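Listed below are the residues making up each chain.
Number of protein chains: 2
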Amino acid sequence: MEDATSIEQKLTQFLASFPALDAQTIAVLVKNIPVITPKKGTLLLKEGEVPKACYYVLEGLVRQYQFVDGTERTTAFYTERNGSVTAAHYSDQTAATFNLICAEDCLLIAGNLEIDAAHYAEFPILVEITKRMIETDLNETQQTLTNFILSPPKERYVQFLKAQPDLINRVPLHQIASYLGLTPESLSRIRKRLVTPSN
Amino acid sequence: MEDATSIEQKLTQFLASFPALDAQTIAVLVKNIPVITPKKGTLLLKEGEVPKACYYVLEGLVRQYQFVDGTERTTAFYTERNGSVTAAHYSDQTAATFNLICAEDCLLIAGNLEIDAAHYAEFPILVEITKRMIETDLNETQQTLTNFILSPPKERYVQFLKAQPDLINRVPLHQIASYLGLTPESLSRIRKRLVTPSN
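Line by line, the protein sequences give chains A and B. If you count by the numbering used here, then the first sequence holds residues 7 to 205, one letter each, in order. If you count by the numbering used here, then the second sequence holds residues 7 to 205, one letter each, in order.
To be clear, the hints were calculated from the coordinates, so they are not data collected in a lab. Since we're looking at a predicted model, the values are computed, not measured. Be a bit skeptical, because a hint or two may be false.
Which copy is meant is left open, because identical chains are indistinguishable; a pair holds if it fits in one copy or across any two.
Derived pair list, reagent style DSS-like, types lysine-lysine, alpha-carbon separation capped at 27 Å [what the hints assert, rightly or not]: (1) Lys168 - Lys52; (2) Lys137 - Lys160; (3) Lys37 - Lys137; (4) Lys52 - Lys37.
Build the full structure now, drawing on both the sequences and the hints.
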């Protein structure tokens, strides 16, 4: 259970990672940025709904999934390492084509259009910071897409391990298989071959 | 051959598509934004080089590719429809892992860090506009990635036709196959099956 002081400390630490923000601005932002602490299993967004908020993961794990022919398919994981949960459907206020669920207890920044606009007007530097965060996200997403285009399944798993090494212990294997576009059986075979390369 | 007046007209038309920009700002920007007209075959960026500029396609087609085990693999196409050529390696000034080539005669906005910084300082609204453009790019790239994760090859091609219908007549089939992670033979079979669904 997170208390208010510990949450403020974590938010301060996150904001302090942006050199362009001075201590005074950070102190004001910490009082104004809404933070939520949803439990594991909380549905943040449901397929078909128009998102009311967008999220940044300070702690925990959010999983993105959707149903294809009745089967649940995982399409993204967001953690402290790549915290910006997709703002697709939020920025253009359209009905979501996927679900977002907390796969662990989470500590999340929960933005919304009104609060964002107010902060941007008061602290123009935030527009620049948000722009850089989105740029980083875009570069990472393009890299992930390039990996998908270039890599056969075995290599795709090796790259996943390299890019997000912690996830293998935080997420059930069938969800990782789904995310990599593999059947659980194929992933199992790939993992066995990696452990015993002589086979 | 594009003359200066026609280039200015096209740039004005592009900037006028952003409601936040007034006519006066557009007139100043048109005089200051560098536009280039590279011919088909021009290499804009070479694997291993640190990018000196970033590009937006006003007209034409830029192809992104890299070599994997000696084979050329296409990883993205940028046209008037999705004009922001990836700024990966440009924004963090690292060595490019891919090449960018003009696949047609092009009309491109060519940004660089100094000019960008000067424009942002003079017209803060540009930061907001650029942020929105990157957001749109991010949403589209995430959607493309989701399609890759969810779709078997045949469906991937159908989605490609839907998302970028003009490309089929502008790009050699072996490059489209490469981009879709297919062999030219597989793509050829898929195309035949789509034309004659009874087979």
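Structure versus earlier hints, numbers of those that do not hold, lowest first: 2 and 4
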